[in-house]
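Number of protein chains: 2
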Amino acid sequence: MSLKYAVVGTGAIGGYYGGKLANSGQEVHFLLHSDYEYVKRNGLKVDSVHGDFYLKSVHAYNSTSDMPKCDVVLVALKTTNNKLLKELLPPLLHKDTVVILIQNGLGLEADLQKDFPGLNIAGGLAFICSSKIGEGRIGHFDEGHLNIGSYSCTNPEILEQVCNDLIQSGVRTQVLELEKARWMKLIWNIPYNGMTVVMNCTTANLMSDPVMVDLLYSIMLEVVHGANSVGRGRFSIPESYARDILEMTRHMTPYSPSMKLDFDNRRPMEIEYIYSRPISKAQSVGYKMTRITMLRSQLQFVEAQYLFCDK
Amino acid sequence: MSLKYAVVGTGAIGGYYGGKLANSGQEVHFLLHSDYEYVKRNGLKVDSVHGDFYLKSVHAYNSTSDMPKCDVVLVALKTTNNKLLKELLPPLLHKDTVVILIQNGLGLEADLQKDFPGLNIAGGLAFICSSKIGEGRIGHFDEGHLNIGSYSCTNPEILEQVCNDLIQSGVRTQVLELEKARWMKLIWNIPYNGMTVVMNCTTANLMSDPVMVDLLYSIMLEVVHGANSVGRGRFSIPESYARDILEMTRHMTPYSPSMKLDFDNRRPMEIEYIYSRPISKAQSVGYKMTRITMLRSQLQFVEAQYLFCDK
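Going down the list, the protein sequences come from chains U and C. In terms of our numbering, the first sequence has 270 at position 270, counting the first letter as 1, and numbering is strictly consecutive. In terms of our numbering, the second sequence has 236 at position 236, counting the first letter as 1, and numbering is strictly consecutive.
Some hints here could point you the wrong way.
What the hints assert, rightly or not - When the alpha-carbon atoms are kept at most 27 Å apart in a straight line, the in silico DSS-like pairs for lysine-lysine are as follows:
#1 U/Lys180 / U/Lys40
#2 C/Lys114 / C/Lys180
#3 C/Lys86 / C/Lys281
#4 U/Lys281 / C/Lys288
#5 U/Lys114 / U/Lys56
#6 U/Lys288 / C/Lys288
#7 C/Lys86 / U/Lys288
#8 U/Lys288 / U/Lys86
#9 C/Lys114 / C/Lys132
Don't read these hints as lab results, they were simulated from the structure.
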């Protein structure tokens, strides 16, 4: 039996993975916002390093109340909009629906569970360089795999089926232990999201400077040590993983992470879930993330300057 | 007997203090660079919150080899140009000349002493908001005192006379223990010089944001703790001094520190003496300045981007 998918937030992430699934024949219903009219009329284009594709006819909606109940809901909103989920999700849910939060940061599933106590929740970690490059058009530049982990799924076999569907569609994926996977993803997000904003540059600019590479590495180690303090007895991430992430990024195409794009477009940045939650979580077990706290302060300053000031 | 003064580096600092001394009747010889022709012809103007003044006729030179030997040499170059002192100073020196380095940072006097083993060296700490606002024209916006301390003066009474001359000229001053005074000055320079560059803003912008004020305060505390680790048994700076500096800066006119002006004009920044020396000095006694090291890395990255890259 095939799964019915909903995508909430059809941007660089939701548009890509939802698009891949639809392109491989899955039934996918897309919630759109600004691009709704355009995509309804013209479909969705994905310019991908793995091969371009074009979905001529798309199940497009501008309200979840018009959408069918689905088996799997892929949430790919900015976390700064997660407060909307309380209203957006109910029309999409039947009693076995799994909601997968394909978002970065820590504490997202716990926050959602508070509003939906019985809901089957999972998390997704997208390792992808992609962005919206036009109306109804996604650019995919590098990487692309999507790892998934259960947070409170009473039906974990459905996650296996999601993985199979993704693999069928050409997306590399695996089911991982979620908490560890989220921390591992942060080893990339915390240094690169923030530093590209504060230094106003791409990942490639950062990686071209040995002094900056040392700083990024020391920030990564703070994430590793924070993770291992929190995970003591449950999971552990080796320091060598930070080196791997550095090397991967060194060979990546020059990239502006989503937070940098938010900054460029003067949108709110995802500081809460990517910085504040990990900082407090580590702090709660006695580990102080000094550099990360400094980077967070710089980001909050930058954001306040453009969100609340005129200059 | 009155002292004969030389000013090496007639910019925002040298032009102001040399100008004050000359304006009160002292004999002052100014070494100029880009403004030489203009000042020789038109004199030196100081627009000061304490009262404007104009020196119509100035002893102006574009080479120290044309200057007389002086009793006191006020060095007010950027520290990034201190390597020039080896050539600049000799024509100005008699056997009792005192060279006062009116510059920010740590280790300046020791470096100079290496090149001039027998020289009487002192340091000067300028608490002043001033900048060059045009050809032969200095703007003075706030504060203005200049503290002095001996590094290797065998004739310390001459420093007392310099203080008297400064007081006569309307400059608040006192003789202080130099090492402690340099560290105290760094409690301002380290947070504000670097952060106005990295955040690309004025001191007032920084002070308008409570999150940033907390960060600046924690950076100041690193300076205090570094200073006290280095000064153990010799001197100690109370943490409350950091609060005083914060409050002083909060009430200061919006200001771009000299490092910010260097950044704006894509000139080398004084990272070595203001950041690297204090970091290594503290490190050598076992205190790690984590935030300051991070700020230093950000500054080095920024500088490398504009000094060595095309973008």
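Quick rundown of the hints versus the structure:
no., hint, result
1, U/Lys180 / U/Lys40, "violated (39 Å)"
2, C/Lys114 / C/Lys180, "holds (21 Å)"
3, C/Lys86 / C/Lys281, "holds (24 Å)"
4, U/Lys281 / C/Lys288, "holds (24 Å)"
5, U/Lys114 / U/Lys56, "violated (38 Å)"
6, U/Lys288 / C/Lys288, "holds (15 Å)"
7, C/Lys86 / U/Lys288, "violated (46 Å)"
8, U/Lys288 / U/Lys86, "violated (33 Å)"
9, C/Lys114 / C/Lys132, "violated (31 Å)"
Of the numbered hints stated above, those contradicted by the structure are hints 1, 5, 7, 8 and 9, listed in ascending order.
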